[in-house]
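Below, each chain spelled out in residue letters.
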Amino acid sequence: MTPSFSLALTGSGGAGVMTAGQLLLDAAALAGRYGLMARSFGPQIRGGEAAALLRLARRPVECPDDDYDLLVALDWGNIERFADELPLAAGAVIIADPGQGGVPEVIATQAGRIHEIAISQLARDIPGGRPNMVALGIAAALADVPGGAVETRVRQALARHGDESVAAAIACLAAGRAAALEVTGHGDPPSAAPSEDTVDAGAPGPHLDRWVLNGNEATGFGALAAGVRFCAAYPITPATEILEWLAGRLPRVGGRLVQAEDELASINMCIGASFGGVPALTATAGPGLSLMIESLGLAVAAEVPLVVANVMRGGPSTGIPTKSEQTDLNIAVYGLHGEAPHVVVAPTGVGDCAPTAAWAVSLAETLQTPVILLSDQALGQTRTIVDPPGGELARAGRRRYVARHDDSTETYRRYAMTADGISPMSCPGLPGGQYTADGLTHTEHGIPSTRAEDHVGQLDKRRRKLEEYDYGPLWGDLHGAGDIAVITWGSATQPVREACQRAEACGLAVRLVALRLLSPVPASELEAALGGVRACLVVEHNHSGQLYRHLRAWTELPHPTLAWHRPGPLPLRPGEILGALQGLHAQLEAAA
Amino acid sequence: MTPSFSLALTGSGGAGVMTAGQLLLDAAALAGRYGLMARSFGPQIRGGEAAALLRLARRPVECPDDDYDLLVALDWGNIERFADELPLAAGAVIIADPGQGGVPEVIATQAGRIHEIAISQLARDIPGGRPNMVALGIAAALADVPGGAVETRVRQALARHGDESVAAAIACLAAGRAAALEVTGHGDPPSAAPSEDTVDAGAPGPHLDRWVLNGNEATGFGALAAGVRFCAAYPITPATEILEWLAGRLPRVGGRLVQAEDELASINMCIGASFGGVPALTATAGPGLSLMIESLGLAVAAEVPLVVANVMRGGPSTGIPTKSEQTDLNIAVYGLHGEAPHVVVAPTGVGDCAPTAAWAVSLAETLQTPVILLSDQALGQTRTIVDPPGGELARAGRRRYVARHDDSTETYRRYAMTADGISPMSCPGLPGGQYTADGLTHTEHGIPSTRAEDHVGQLDKRRRKLEEYDYGPLWGDLHGAGDIAVITWGSATQPVREACQRAEACGLAVRLVALRLLSPVPASELEAALGGVRACLVVEHNHSGQLYRHLRAWTELPHPTLAWHRPGPLPLRPGEILGALQGLHAQLEAAA
Amino acid sequence: MSAAAVLKPKDYKSATRPVWCPGCGDFGVLNALTKALAGLGLAPEQVAVISGIGCSSRLPAYTSVYGFHGVHGRALPVATGLAVARPELTVIATGGDGDGFSIGGNHFLHACRRNANLTYLIMDNAVYGMTKGQASPTSAPDWAGSKLTPNGPGIAAFRPLEIALSAGAGFIARGFSGDPNGLARQLAEAISYPGFAFLQVLSPCITYRPEQMEYKALVSAGFEPLADRNEAFRRLLTDDGFTTGVLFRAPVAAPAPADARQAAGDEAAALDALAREFTAARLRGDGGYEP
Amino acid sequence: MSAAAVLKPKDYKSATRPVWCPGCGDFGVLNALTKALAGLGLAPEQVAVISGIGCSSRLPAYTSVYGFHGVHGRALPVATGLAVARPELTVIATGGDGDGFSIGGNHFLHACRRNANLTYLIMDNAVYGMTKGQASPTSAPDWAGSKLTPNGPGIAAFRPLEIALSAGAGFIARGFSGDPNGLARQLAEAISYPGFAFLQVLSPCITYRPEQMEYKALVSAGFEPLADRNEAFRRLLTDDGFTTGVLFRAPVAAPAPADARQAAGDEAAALDALAREFTAARLRGDGGYEP
Ligand SMILES: Cc1ncc(C[n+]2csc(CCOP(=O)(O)OP(=O)(O)O)c2C)c(N)n1
Ligand SMILES: Cc1ncc(C[n+]2csc(CCOP(=O)(O)OP(=O)(O)O)c2C)c(N)n1
Ligand code: SF4
Ligand code: SF4
Ligand SMILES: [Mg+2]
Ligand SMILES: [Mg+2]
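Chains as they are written, first to last, in our numbering: chain A, 1 to 592; chain B, 1 to 592; chain C, 1 to 291; chain D, 1 to 291.
Only chain A is shown next, with the shape it has when bound in the complex:
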């Protein structure tokens, strides 16, 4: 189990809680901590209530905890909107500004110790002072983030605003810290006392090479590193940051980004670029993926490599664009018309986004197929401190073939039947490699055909290349060795992993299988991984248990296998999954 500290900073629009939260997370990184920060907003486009939700720890953490140890409220505007998202731990500390009125019932009725600090007054007392910097001082003190680290980070962040701003902020930090220690009792922060593995704020060290980023940035980086040099973009929450990150970076490696008129255009622009030999990616969310479906089928039939990073959000339809849910597995795997096998992968955490994105690009290029990468809002938009990827990232390598250009007796066989199903692929510019890529059923040369042998032959070939490919160890991650197993995927992996660790700590050994390859289902690997398992739980963050149904369709699961899933908008938390595990265990014991 990871000893960690969770805190929330809340306030109305303009109060600056997000800035404060992010600076705190950054400071924690400078101090050698791990941690993450999610953002939550009310419905107003701008200026509504907001909450920065942090968790800090001395070991890697990539998911929110069950509840919060600290709530610092700059004001109480519409706090009830966040009530569901803000379960407070027994004995949590609540810092309230008496100048903002009484503590609302949704908070007051929770078991917590309420302390009053006149946050805005303290800020007003400092020339140029801002309440959110006072709140940062309070939060840092109570979360035990070294003041030096906070100061370093704040100095750097505010440098461009001038010395006065910096000085005011530093004064606010100090005021906040002092007030916090005073009201809560000096030296008694709710978290453990500063431990030896907290790095001095000034000290360099390997922890400074850790990455502080969200999954969207990591996904963009992984794709770029693997070789993507073209992106067509149509903005959509919560995927836009992938596109924006690439817009700024692609030119540095000779790549290009085009803003498209819609997703029908963006996916087809990627097809065009990839047909031209340039690895291509686009990013979107459910509504945009829906619009890309027809052309993804074209990419399957014409065998054009490309990657779609689909960052899932609450569905169906427009749903809840700002909240996370693992709800697009069905469309990603089964959404194409006709028989259109392709690849679907999902990163298992923020730290896994770059390697998985790189893998997606390399699979697309090697297998000449569209690859859908399923990220989600939680992965995409949670700023997280992670270790940089360990090994080398995968790189794109397309099978090229050029006909000898004096060989004019036969035209290029772009879709030649090969043993492994992967055909030679030329591209414009290569003499002698001319062919017409086609979404109609075609011959090995790409000529339209309605003959059974061509149709069945090409269907077989396209299935074969996916099914007989050796995906290697990246198909999934295995942890533990109990005879109860949990299967999960994507962002659910981190809370599941923590639940398993807690179960282990209570003496219940659990085997965890986190799938990175979702389609084609790695059935034999999965069945091997589940060897000897007595019972199984399939955990995911959606309403109908999409992975559970998908696995039932394609593999033999242990008996009993239970589906445990629930939709968003609330994040999955380790405690509820632990509960499900213990329930399954109890059931087995009772039956035994």
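Bear in mind the hints are in silico, worked out from the structure with no lab data behind them.
Keep in mind that the hints are not guaranteed to be accurate.
[Said to hold, decoys possible] EDC-like mimics (lysine to aspartate or glutamate), calculated; alpha carbons at most 16 angstroms apart, straight line:
hint: 1; chain 1: C; residue 1: Lys-216; chain 2: C; residue 2: Asp-179
hint: 2; chain 1: C; residue 1: Lys-13; chain 2: B; residue 2: Glu-410
hint: 3; chain 1: B; residue 1: Lys-465; chain 2: B; residue 2: Asp-420
hint: 4; chain 1: D; residue 1: Lys-13; chain 2: A; residue 2: Glu-410
Based on the hints, put chains B, C and D with the ligands in the right spot on chain A.
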């Protein structure tokens, strides 16, 4: 087993084989026969080679037989294109015109009796004579369709061309008949001698109330009869005839059709009309369905009734537009992003298209959901003689509710939580019923919400209304009572049914379950229907066994359950399915 | 509500609080719309407002009429389906420049041609507000305010009025959200027009295009309704994008789409007749078997 | 093929036999295209022809250059992606009036704005040939030849040249498939234009619009290239739809889309630098930990 006679008329473009084939089928109907005619064309847009493929019988038949008893070739242009589609029976009769050159090898090497008739010469000998009418005379004679019925039909069809045309055609018929009987030996047609149940061509009788139509027309009719009064259309093969049929007929019942700029528009126009209280339908095929996916999700979330008739063709992508395949089940069931449960149904034959289309409309309206009807090219474009629907067709009945208009204390709760999940539904024009339909997660009033209780509540409600509805006996058709079962759906039903009949005739009792309701899976009904079954075969016309995987996901199938399926473009034939059944039986025997 | 009651603009507002940023131009559009509806004396249940996705597309829920908040870019086909199926209703499609001219551009083109009886009101802020400030088709080529196009979109801005005219719209106007009275008048005219009426409303995005607060100084009421398409074209050749008023009003509305609706007559008899068209009896030229 | 070899028009044809009906106008377009490519002396491997779905969209496979036969309506975005990613290639998008103006209308609008370096050649027969003769956007409102619109589409025909001009296209021309030499010249000009070039080709559908055989008598070479957008507009106001030639040629090509491609430099170093942007070290203003 149905004694029947199968024949093919082939010729180059302009030869008129389709006209001859259709007249023969019509004449057979007038003579009290059942039968069907499929059309096959080469790749040329117009003027290429063509084949009319008929099967005639004295009992209802709705699928092609294993092979052909007769081939009448007006010429041999590109006949090898049809070789796959034209398996000839042992001892089949081949009528060749010596003026068109020798019999090509693909035909000559098949076991058949070749007879020469100078078809075009015979036609030239008659002023105004046409070779296809000679061929019709030949085919009618050898298929044992009474000359009187053929003459009646030809007179009626050519009446508007004037008496001379009619007389020339009648003379051609006679010449063809005479030549056919001469070359084959008088009184020795390959089919059984005229039996007592062949009706005199002139005689009226209940057989004249039979329908002669294809599944596309029947689908249009069923929808209209059930209450559809709006259609938005974008043409696509092989669905266009549904739209064209409705274009001509909707105005007669006060309805309207709009030609849309694309499928994104057509589906949304249907949504608009249905939001306005007018039952709406559109028809399309795979590529168009792909484009409708996003808006189908909107219809799910906003709970707007509508029907999409998707007429499947070879896939993926543009695939083979003119050939049949049951290949869009995956996208129809799982293609929507987010959790978007809706209804998917499929007619089990041409005769079932009207009742199933009517049922689809009534389910959509009752359950306030989009319904996808999966037809296919074989159903949609095979002209068939069927008994008209037995019972009453289903009719649309939408649950309406109008707020008392003096009740101004609360706005209309369009998405009220109800026990059965079906909410009241007003529509523009009704005072006091105003609401905003929304694809965002919403409250009971339709106001956007990001709260867990609203999101989960509405997800639950929408699932509940589909899962707890009593679909009645239309969920599937059951035949036979063996302890081996076949599960099938859509156009595969007819060849499977015939295979089961043949199996029964060989002493192998088979239980047939043809699913009309594909989603939600009628799991308990299906499991009940399979009670006591030792082994099961799932038969379908696609590459990956989409129904098989879908059923695995949602039900417990008997052990063993085998998947038997193959893609298009060749139609499923009873013999190959019988083979699979016998194989399964042998396997069981061997194991026993 | 009984038809007799005289409704005020506020009666056309719902109790739902807009999500818009304080100062957003769309508030002015909402005010103008409710004013126009009240002015026309339309019963709320006879009006439907249909939108896509975007800040501006949130408008329907803030009214007390029927509303439909669909998916991004598809307001016009939904509105067309409704207007064609229920011609007696007042149908207003609305949304943003991204919704209407980027992803929805094709429907815009074809709605102009189709000339169904509905009003299309675009709140044009030359930006994607909802997704945090990317360039829209009406953004200037050198507007570099978005991370997605850090050097600006670099391509010619979309000309909504010219395109509408080329595509065949019969009523074309431009309004400004900062002038709710003028806008209400234009809207009332647009709604009363018996065909497709297009109204571009300059509606500043205070958050991502704060410089649009200057629009007030730039707009001028310069269009006078022209009835001749060619004249309207010539007028547009000197348009600076900030002239407001009705530019074009085709004197006669084009016919309703396709075949006119026929009286339903006796439905059962009509269905019966249709079924008889399928019978074998028809193939010999008679009406079926009646024993 | 070595660059030195002089290629003839027939060298740009493939061995695949067109599926077109005998007499289809599209044969003339294929001939003109191969003539133009030969005239320009382009190496076949440096040319790509991209299409959607329709009779006309079958064209790529009948050439010996690279081809892409995509889905209905999406030729332009595929071509744009290719042209942007591989600017050294000659990219030609093609297809029918249904493909380009109906389902593909939005891409047409935005391709005109975007001005990527490619040629768009529409074979306009005012009908959906491939699906057996339904009305297309360019069909006359009273053309009643389709069962889908038995009284005619009833709505104003789409005006391709006007829309292209409104939308911002820099090169606009009209040709006729019955005049392969003139068409080849126009095509060569379009291909040589350093930006988006649009060419509407009147290409009769012999099967579903046999009356189009009269086009020969109707067309006249009347356009002379104008460099001024407003003049081009005025010229179009009197256009009867059958004038051929280059209508408009903007003197300077607009800039390529968005940010210009920068030299790739040392990729590995660039990637390294990008990775360093993520490091905690950056949060305190230094370059990371190097022991
Ligand atoms: C299919 C799809 N693509 C993208 C989005 C994301 N999206 C939501 S609103 C919007 C643009 C809104 O811009 P505009 O229409 O101008 O409205 P504004 O917010 O400026 O009023 C986009 C791209 C979406 N919801 N659906
Ligand atoms: C998404 C989609 N919708 C519809 C179709 C059916 N379809 C194929 S070609 C075509 C129209 C072709 O017309 P046009 O582009 O004018 O080409 P033409 O055949 O006249 O040359 C249509 C509607 C399709 N293939 N895909
Ligand atoms: S972001 Fe802009 S358009 Fe959206 S509500 Fe705020 S001011 Fe209005
Ligand atoms: S149908 Fe028309 S457009 Fe198509 S190939 Fe034939 S003549 Fe040409
Ligand atoms: Mg906007
Ligand atoms: Mg056409």
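Evaluation of the provided hints:
For a cut-off of 16 angstroms, the pair hint linking Lys-216 (chain C) to Asp-179 (chain C) stands: about 9 angstroms separates their Cα positions. Between Lys-13 (chain C) and Glu-410 (chain B) the alpha-carbon distance is near 14 angstroms, which keeps this suggested pair within the 16 angstroms criterion. Between Lys-465 (chain B) and Asp-420 (chain B) the alpha-carbon distance is near 5 angstroms, which keeps this suggested pair within the 16 angstroms criterion. Proposed proximity of Lys-13 (chain D) and Glu-410 (chain A) is supported: the alpha carbons are some 14 angstroms apart, at most 16 angstroms.
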